[in-house]
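Visitor: Protein sequence lines, in the order shown, are assigned to chains X and L.
For the first sequence, this note's numbering assigns the number 1 to the initial residue and increments by one for each residue that follows.
For the second sequence, this note's numbering assigns the number 1 to the initial residue and increments by one for each residue that follows.
Just so you know, the hints here were simulated from the structure itself, not pulled from any lab data.
Warning: the hint list may mix true and false statements.
It does not matter which identical chain is meant; a pair holds if it fits inside one copy or across any two.
To be verified - In silico lysine-lysine, DSS-like type, Cα no more than 30 Å apart, as pairs:
#1 K86 x K347
#2 K414 x K461
#3 K290 x K94
#4 K292 x K461
#5 K26 x K223
#6 K94 x K227
#7 K287 x K95
#8 K405 x K26
#9 K287 x K351
#10 K406 x K347
#11 K74 x K58
#12 K146 x K299
In this text, all values refer to a predicted model and were calculated from it rather than measured experimentally.
Protein chains: 2
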Amino acid sequence: MLFLNAKFIDLDLGANAVIVNEEDLKGTSYYPQDRVLIESHSGSVLGILYSTKTMVQKGEVGIPVRKMKGISLKEGEEVNLRHAEKPESIQFIKKKMDGQVLSPNEIRTIIDEIVSKKLSNIELAAFVTSTYVNGMNMEEIVEMTKRMAETGDMISWEKSLVVDIHSIGGVPGNKYALLSIPILAAAGITIPKTSSRAITSPAGTADVMEVLTNVELDEEELKRVVKATNGCLVWGGGVNLAPADDIIINVERPVSIDPQPQLLASVMAKKVATGIKYAVIDIPVGKGVKIKNEAEGAKLARKFIELGELLNIRVECVLTYGGQPLGRAIGPALEAKEALEALTDPKSAPKSLIEKAISLAGILLELGGSAQIGDGQKLAWEILESGRALEKFNQIIVEQGGTPKKPEEIELGKYVEEVRSPIDGYIVGINNTSITNVVKEAGAPRDKKAGLLLNAKIGNKVKRGDILYTIYSGSEERLNSAVNLARRVYPVNVEGMMIERISKF
Amino acid sequence: MLFLNAKFIDLDLGANAVIVNEEDLKGTSYYPQDRVLIESHSGSVLGILYSTKTMVQKGEVGIPVRKMKGISLKEGEEVNLRHAEKPESIQFIKKKMDGQVLSPNEIRTIIDEIVSKKLSNIELAAFVTSTYVNGMNMEEIVEMTKRMAETGDMISWEKSLVVDIHSIGGVPGNKYALLSIPILAAAGITIPKTSSRAITSPAGTADVMEVLTNVELDEEELKRVVKATNGCLVWGGGVNLAPADDIIINVERPVSIDPQPQLLASVMAKKVATGIKYAVIDIPVGKGVKIKNEAEGAKLARKFIELGELLNIRVECVLTYGGQPLGRAIGPALEAKEALEALTDPKSAPKSLIEKAISLAGILLELGGSAQIGDGQKLAWEILESGRALEKFNQIIVEQGGTPKKPEEIELGKYVEEVRSPIDGYIVGINNTSITNVVKEAGAPRDKKAGLLLNAKIGNKVKRGDILYTIYSGSEERLNSAVNLARRVYPVNVEGMMIERISKF
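Assemble the whole structure, with the sequences as input and the hints as a guide.
Guide: The structure is reproduced here in C-alpha cells:
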C-alpha cells in the first residue's frame with residue numbers, strides 16, 4: 001500500500017488514469033497499467049496506474065476529474081493506494097481468447113464494465129482482437145447488442161411505425177438522408193434519424209446538417225422535434241445511445257479492425273435504443289469503401305437481417321454502388337447546398353443522389369404500408385417532386401432551431417482552385433480515398449466551407465482545359481496544401497481513348 | 001492540421017503521449033488514440049493523441065519529455081499537429097490476427113517498432129492477444145528471439161563456456177541461485193547471472209541479492225565483476241538486455257496472459273544477449289505456480305530445447321517441485337539470511353534448497369566438462385561443503401560493491417508475529433499464493449526486512465501451540481495488516497488425522 005496526497009488531473013485515457021511519481025513506485029509491487037484503488041475517509045476511486053517523472057511530485061497521486069461520478073475525494077487530502085481486484089470481465093475476455101462461447105451473463109458483464117470504464121485500453125484491445133480472431137455466434141451478438149442498448153438511453157414511441165435508414169461505411173458525398181428523411185416524414189412515417197459526425201469521411205450526415213441547423217439535441221428535444229415533424233436529423237452524440245459503442249470504436253480505430261460482431265452490434269444497438277421497428281441498411285460496395293465486393297456485402301446483409309429478426313426489428317439491406325462519391329459535392333457546406341438544390345429542383349439534381357434517396361425511402365414506404373410493393377420509389381419521387389419533402393425539411397430545420405435557407409445562401413470557402421484536365425479524354429476513375437484526403441486537407445469537417453465539387457463523373461468525356469473539379473477552403477494555406485495533395489493523389493483520372501500502345505509485334 | 005504551442009509534459013503511456021485540449025479537437029478529424037506528428041522548424045515528434053480538459057490549455061499541445069531522444073522541439077514554440085502514417089507493423093499484426101505466418105522481415109519490423117516506442121498499448125495488446133490466440137511457429141519464435149536480443153545490448157565473452165540457470169515462474173523463496181552461481185563460478189565456469197526484481201513474487205533474486213550488495217551494474221561493471229570472479233548476481237534492468245521484453249510484459253500483465261511464443265522469446269533473448277552457450281531452465285510444476293502439471297512442463301521443456309538448438313545455445317530443462325516454497329524463508333532479508341546460512345553450514349540447511357541448488361549446478365558442471373555425467377551433483381556438493389562456494393560468493397559481493405556479512409548480521413523486520421497451530425495434526429498444505437500475498441502485505445519487496453519464515457513444511461507433525469510460521473515487517477501497521485490477511489487466507493494448513501467423520505450409516 002502507498003500513502004499519497006490526492007492531486008486532481010484530467011486526461012482521457014479510456015479508463016480512469018491514476019498517476020504516481022515513478023520514484024514512489026520503485027521497489028514496490030506496483031507497476032504501470034496495474035489496477036489500483038485510491039481510498040480515503042471521504043471516498044474512493046478505481047483506476048489504472050501510470051507513472052510520471054514530473055506531472056505529479058513524489059508523494060502525490062494524480063486522480064481523474066473528467067468523470068466526477070463516483071469520485072468523492074478532495075484535492076490535497078491524504079489517500080492510500082492499493083491493488084484492486086481485476087474486473088470480472090478479464091476472465092471472460094480470456095475465455096474468448098481461448099475460442100470459447102460466452103454466456104449471456106458473461107457478455108453482459110463485459111459490456112457493463114466497458115460502460116462503467118472499468119477496462120483499460122489494453123483490456124479492451126484484447127477483447128476486440130479476440131472477437132475479431134475467434135468471432136461470436138448469433139446468440140452472443142444478440143446479447144451484446146441488447147446490452148449495449150440497455151446500458152444507455154432507451155427512447156420509446158407511441159407510434160409503432162418507427163423506421164430508420166443507415167449506411168455502413170463511408171462513401172464521400174453520402175448526403176442522401178437529407179432527402180430520404182423528409183420524404184418519409186412527409187408521408188407520415190416516424191423516422192428519428194441520429195447520425196455520426198465524420199469518423200473517416202470528410203463529412204458525416206450530422207456535419208452536413210449542422211450547416212443548416214442545430215444538431216446537438218438531447219433526448220427530450222429530439223422527441224419534441226419528431227412529435228412535431230415525424231422526423232429529425234440530429235447528431236447521435238447528443239443522446240446517450242449505446243455508450244459502449246464509442247468506447248469500443250476508440251480501440252478499433254488504431255488497429256484498423258472492425259470485427260463483424262462489433263459492427264453488427266454497433267449498428268443494431270442504436271436501432272434498439274431509438275425504438276426502431278423497421279430499418280433499411282445501405283451497404284455501399286466498391287473500391288475505397290468498407291465492403292469490397294458483392295459476395296461480402298450479401299453475407300453481411302444476411303447477418304443484419306437475422307440479427308434484426310432476433311431483436312424484433314424488420315431489416316432490409318440494399319447493396320449500393322460505392323465506387324465513386326454520391327452526387328458531385330463533398331464537404332459539409334457543399335453537400336448541404338447540393339441536398340437543398342435537389343429538394344428544391346429534383347429534376348436538375350445528380351441522378352445518383354436522387355436515385356439512392358428515393359429507392360431507400362421507397363423501401364420504407366412499402367414496408368410501412370404507404371405504398372404497394374413496387375410503388376415505393378414512385379411515391380418517394382412524387383413527394384420529392386411536389387415540394388412536400390422540401391417543406392418538411394424546412395419544418396425539421398426550424399424545429400431543430402435553425403432558419404431555412406435557399407441553396408444560394410449557403411456560404412462556401414472563399415479560397416477556390418479549379419483543377420482542369422491536362423488532355424482530351426474520358427474520366428476513367430474517381431478515387432474515394434484521394435477525394436476524402438484532399439477534402440480533409442482543405443480543412444473539412446472542421447472547416448464546414450471546405451470541400452470538393454466534381455464537375456464530371458466516371459465515363460464523362462472531357463476536353464483538355466475543362467474543369468474536372470473545384471476545391472474550396474476557408475483558408476488560403478489549407479487550399480494550397482489540398483491542391484498540392486491533389487497533384488499527388490489524383491482524385492479524378494482522365495485517360496485518352498488509346499489505353500495502351502504496343503510498338504512491337 | 002492543428003496549430004498549437006508546445007508544452008512539455010511527462011507521462012509514461014507506453015508510446016509517446018501527445019496531449020491536446022478537447023476543445024481543440026472538437027469538429028476535427030483528430031481523435032484520441034490517433035497517431036500524430038508534431039512538427040516545427042526545430043524538429044518533430046511522433047506520438048499518440050490524448051485529450052484533456054485541463055492538463056493543457058486551448059491552443060497548447062503537451063509533448064513528452066521522458067524520452068528526449070529524437071525530440072528537438074522547444075517549449076512554447078509554435079508547432080503544427082497532423083495525422084502520421086501508421087507504423088508498418090500494424091499490417092503485420094493484422095496478418096497475425098488473420099492467422100497467417102509472419103516473415104522474418106515482418107517480425108523484425110514489429111520488434112523494432114516496439115523498441116522505438118512507435119506502437120501504442122492498444123496496438124501492443126492486439127499483437128500479444130493475436131499471438132496468444134493464433135500462436136507462432138518455431139521460425140517465427142527464433143526470429144523474434146534474435147531480434148529482441150539484437151535491439152538491446154549484446155555482451156560477448158572471450159571464454160566459450162558461458163552458462164546460465166533460469167527459473168520460469170515464481171516459487172516463493174526461490175533463492176537457490178545464491179548457492180548455485182558461486183558453486184559454478186568456483187569451478188571456473190563463467191556464469192553472468194542477471195535476474196529480475198519481484199514481478200508477482202514477494203522477492204526476485206535481484207531483490208534478495210540487494211540485501212547483501214549492489215545489484216544495479218551497467219554492462220562494463222558486469223563484465224569487470226565476471227572477469228574477476230567468473231560470476232555475478234545482478235539486476236537485469238541495469239543492463240539494456242532485450243528491451244522489447246519489458247514493453248511486452250507491461251501489456252501482458254493487465255490481461256493475465258503470457259503467450260508461449262513470448263515466454264520462450266523473453267527468456268531466450270536474454271540468453272542470446274548475454275552470450276550464454278549453455279543454459280539450464282528450471283520449470284517449477286505445481287499448485288500456485290505458472291505450470292500446473294508435468295505434461296505441460298515437458299511440452300514447454302521441448303520447445304525451449306528446440307529453440308535453444310536453433311540459437312546455438314545448449315539447453316537442458318528440469319521440472320522441479322513447485323508446490324510449496326523453496327526452503328523456509330520468504331522475503332528479501334530472510335532469504336538472503338537463509339542462503340548465507342546454507343553457504344556457511346550446508347549440512348544444517350533445508351534439504352529442498354540444497355538439493356535444488358546442487359542439482360541445477362551439477363547439470364552445468366557436467367555440461368561444462370568439470371564433472372563426468374552423473375557426478376555433477378556430487379562435485380557441486382563438495383564445492384559447497386568445502387566452503388569454496390561461500391568464499392566465491394563473498395568475492396562476488398565485494399566486486400559488486402558490498403561488504404560480506406555473517407548470516408546473523410542480516411537485519412530482519414523488528415515487528416514480529418508468531419502464528420501457532422490451533423490443533424494437534426499434520427501440515428497438509430502450504431499455499432504459495434497465500435504466502436506471496438501475506439509477505440507482500442507485510443511490505444515486501446520494498447521493505448526488504450519483511451517476510452515469512454516457515455517453521456514446518458508439508459507432512460510435518462505439529463502439536464497445538466507449536467509455531468507454524470513467523471511474519472516479519474519493518475512497520476507495525478503492515479505487520480497487523482499481514483497478520484489479518486493470514487487469518488483469512490491460511491498460508492499453512494493443519495489437519496488432524498481424522499479427515500472426515502461419518503455419523504450416519
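Visitor: Which holds for K26 with K223 at a C-alpha limit of 30 Å: within a copy, between copies, both or neither?
Guide: Cα proximity of K26 and K223: across copies only (25 Å, versus 55 Å in one copy).
Visitor: Check K405 against K26 for me: Cα-Cα at most 30 Å, and say if that holds within a copy, between copies, both or neither.
Guide: For K405 and K26, the Cα distance is within 30 Å only across copies (25 Å; inside one copy 64 Å).
Visitor: Are the CA atoms of K406 and K347 at most 30 Å apart within a copy, between copies, both, or neither?
Guide: So K406 and K347 pass the 30 Å test inside one copy only (17 Å; across, 99 Å).
Visitor: Reference check for the pair K74 and K58, CA-CA at most 30 Å: within, between, both, or neither?
Guide: Intra 18 Å, inter 26 Å, cutoff 30 Å: intra and inter.
Visitor: Give the relationship of K94 and K227 under a CA distance limit of 30 Å: within one copy only, between copies only, both, or neither.
Guide: neither (46 Å within a copy, 46 Å between copies)
Visitor: At most 30 Å between CA atoms: does that hold for K292 and K461 within a copy, between copies, both, or neither?
Guide: Intra 27 Å, inter 73 Å, cutoff 30 Å: intra-copy only.
Visitor: At most 30 Å between C-alpha atoms: does K290 with K94 qualify within a copy, between copies, both, or neither?
Guide: both (29 Å within a copy, 16 Å between copies)
Visitor: From the Cα coordinates, with 30 Å as the cut-off, is the pair K287 and K95 best called within, between, both, or neither?
Guide: Classified as between; 21 Å across copies, 36 Å inside a copy.
Visitor: For K414 and K461, with the copy left unspecified, which applies at a CA distance of at most 30 Å: within, between, both, or neither?
Guide: within (29 Å within a copy, 92 Å between copies)
Visitor: Please work out whether the CA atoms of K146 and K299 approach to 30 Å or closer within one copy, between two copies, in both situations, or in neither?
Guide: This pair counts as within: shortest intra-copy Cα distance 22 Å, inter-copy 43 Å.
Visitor: Within, between, both or neither: how does the pair K86, K347 come out at a Cα-Cα threshold of 30 Å?
Guide: Intra 62 Å, inter 44 Å, cutoff 30 Å: neither.
Visitor: Tell me, please, which holds for K287 and K351 at an alpha-carbon limit of 30 Å: within, between, both or neither?
Guide: So K287 and K351 pass the 30 Å test inside one copy only (20 Å; across, 71 Å).
Checked against the numbered hints above, the structure breaks hints 1 and 6 and satisfies the rest.
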